[in-house]
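Protein sequences appear in the order of chains X and Y. Under the numbering used here, the first residue of the first sequence carries the number 24, and numbering increases by one thereafter. Under the numbering used here, the first residue of the second sequence carries the number 24, and numbering increases by one thereafter.
Errors might be hidden in some of the hints.
Since copy identity is lost for identical chains, a pair holds within one copy or between any two.
Derived lysine-lysine pairs resembling DSSO-like cross-links, with alpha carbons at most 30 angstroms apart [to be verified]: (1) K179 x K215; (2) K113 x K39; (3) K113 x K45; (4) K239 x K86; (5) K113 x K188; (6) K45 x K86; (7) K179 x K39; (8) K239 x K189; (9) K45 x K179; (10) K39 x K86; (11) K113 x K86; (12) K214 x K113; (13) K39 x K215; (14) K179 x K86.
Bear in mind the hints are in silico, worked out from the structure with no lab data behind them. Given the structure is predicted, the values throughout are model-derived calculations rather than measurements.
2 protein chains.
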Amino acid sequence: MDEQGENQATIAESLKSLGLTKYEALVYIALVRVAGATATEIHELSGVPRASVYPVLDRLIQKNLVSVSNTSPKRFNPVRPDEGVDSLMKSIESDALCAREGLNRIYLECADLERGDQELIWSTYGEENIRIRLLDLISNATESIRVFFYWGGLRKQIIQMLEEKKNSVSIEVVTDHWEGEIPESMNVWIKKPPGGHDIGPAKSLGGGVFLVDGSKAMVIMGSEEEGTSALYSEARGFVRFFTVYWNFFSSWARRKNQ
Amino acid sequence: MDEQGENQATIAESLKSLGLTKYEALVYIALVRVAGATATEIHELSGVPRASVYPVLDRLIQKNLVSVSNTSPKRFNPVRPDEGVDSLMKSIESDALCAREGLNRIYLECADLERGDQELIWSTYGEENIRIRLLDLISNATESIRVFFYWGGLRKQIIQMLEEKKNSVSIEVVTDHWEGEIPESMNVWIKKPPGGHDIGPAKSLGGGVFLVDGSKAMVIMGSEEEGTSALYSEARGFVRFFTVYWNFFSSWARRKNQ
DNA sequence: TAAATGTTGTTATAGCAAAAACAACATGAG
DNA sequence: CTCATGTTGTTTTTGCTATAACAACATTTA
Chain X
24 MDEQGENQAT IAESLKSLGL TKYEALVYIA LVRVAGATAT EIHELSGVPR
74 ASVYPVLDRL IQKNLVSVSN TSPKRFNPVR PDEGVDSLMK SIESDALCAR
124 EGLNRIYLEC ADLERGDQEL IWSTYGEENI RIRLLDLISN ATESIRVFFY
174 WGGLRKQIIQ MLEEKKNSVS IEVVTDHWEG EIPESMNVWI KKPPGGHDIG
224 PAKSLGGGVF LVDGSKAMVI MGSEEEGTSA LYSEARGFVR FFTVYWNFFS
274 SWARRKNQ
Chain Y
24 MDEQGENQAT IAESLKSLGL TKYEALVYIA LVRVAGATAT EIHELSGVPR
74 ASVYPVLDRL IQKNLVSVSN TSPKRFNPVR PDEGVDSLMK SIESDALCAR
124 EGLNRIYLEC ADLERGDQEL IWSTYGEENI RIRLLDLISN ATESIRVFFY
174 WGGLRKQIIQ MLEEKKNSVS IEVVTDHWEG EIPESMNVWI KKPPGGHDIG
224 PAKSLGGGVF LVDGSKAMVI MGSEEEGTSA LYSEARGFVR FFTVYWNFFS
274 SWARRKNQ
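Using the sequences and the hints, build the whole thing.
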């Protein structure tokens, strides 16, 4: 019972992000449970006020999620849920396509005109978004990638990204741990951080520096309290600062033993 | 200019169905047009009140559609539109999957219990929904399909559907016009309606009758004024009525010449 | 048959929450 | 100081939610 309730609430939430209102979701779920119900039965099953059931059903019919019988009292039937959901998705997907095309056109039109971005430093929050940015950055590298990271967060994905580029650009990596075998075409130095006071315990805080083509830098910091955030810039000073930073740790890592 | 405005409005609508509010859509579009704008510039470009720009930008940052510079004044950058839209879609798709699974489970659980549906007659409105139902009906046919239609609306799709089943079930068709060549395994009678007073001019009104396995009937009526609607039933009387109806027109169509 | 009861479908309307629009204020750089 | 920025409230609007009341019809009971 409670499990069903939980489940239903989840489904309702999902349906809401497909563009239905709370009532529309509840009514549709109720109808899926007992196909061919009357308005009153729907009201009892869904908890939606009886008078509200009618306009809600109208909307659902408009959205092709419900059909009506011509009996009296009227009975209502849900479209098969997989078809219904697919139908909603299809409409959203078409909108997504439209938005993407339109926006991309605008974006590319404007791309030539401006881009005074180079001197600015951009912040990004959240691992997912950072992952996307990083992927973009690395996959557009043309000459060199220098990486320095002591951070578990995206280790696997970072390694995978680098391996895809290992034959087309020069890659140098300093890190504390490597998963899988190290490709020959990469220069990888593995070294545990000295005491912990330099970089901090890996679980609560981790960092990564990515230098691409000597002109772009992305710096990632993850901490348990404040989530993960990243800075990206093509500004000279910014890139130079982290290049020096990287050189320092790189030479430290090359020293044999500690 | 006006074209751009039209275009923008369209994009805004599309973005709204991806879960953004009007302001969020407008701000994001403005930002795509001039990346790295300040809050005030965004306000001017989008028409969104300046004070509203800030909370809206916050939400967009939360949704990983925008990043901030650490300059003063702050400057804002859009995530690349294709990435942004994809990211929104991914989240919606995951919800869709969740909803579909949950609903389908409920649906299948309940499917055994009931189904007193057989005696009812169901209405469906809108060509798209009807097309889906019809597809479902025809593709689940196991023995016979008898079709009678004088209706341009879904002609091509109907023909295509039938061709897919031509080798597995017996098919008989009466219609006024056929696109493409007629497969040998189907029985098709093509005959123009006599005068127009029986069925009416094809443009303003058209109809179709689909009898499947002798136990299911779907009747479609399209009129210019009231849109397209369909009835579906497995009720004995309903099926028998339209079987007689079909037999009548079938024998009429078999008569040589008019 | 006639009155009483209950149900259905409809309409009107009040409540509510999120978003939109506006106004006011503190800050900070030139 | 002055202007633009960033922040904080308040009001208005909007769309959904919720309740109440009503006419039409069917069902029951006397």
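Here is what the structure says about each hint:
1. K179 x K215: Answer is within: at 18 angstroms inside a copy they meet the 30 angstroms cutoff, but 68 angstroms across does not.
2. K113 x K39: both (16 angstroms within a copy, 15 angstroms between copies)
3. K113 x K45: Both: 21 angstroms inside a copy, 22 angstroms across copies.
4. K239 x K86: So K239 and K86 pass the 30 angstroms test across copies only (25 angstroms; inside, 48 angstroms).
5. K113 x K188: between (35 angstroms within a copy, 26 angstroms between copies)
6. K45 x K86: Both: 15 angstroms inside a chain and 21 angstroms across chains, each within 30 angstroms.
7. K179 x K39: Classified as neither: same-chain Cα gap 34 angstroms, cross-chain 35 angstroms, threshold 30 angstroms.
8. K239 x K189: within (18 angstroms within a copy, 62 angstroms between copies)
9. K45 x K179: Intra 39 angstroms, inter 38 angstroms, cutoff 30 angstroms: neither.
10. K39 x K86: Answer is both; intra-copy 14 angstroms and inter-copy 17 angstroms each pass.
11. K113 x K86: Result: close both inside a copy and across copies, 12 angstroms intra and 22 angstroms inter.
12. K214 x K113: neither (50 angstroms within a copy, 37 angstroms between copies)
13. K39 x K215: neither (47 angstroms within a copy, 49 angstroms between copies)
14. K179 x K86: Only across copies: K179 and K86 sit 24 angstroms apart there, 43 angstroms inside one copy, limit 30 angstroms.
The structure is inconsistent with the numbered hints 7, 9, 12, 13, although it conforms to all the rest.
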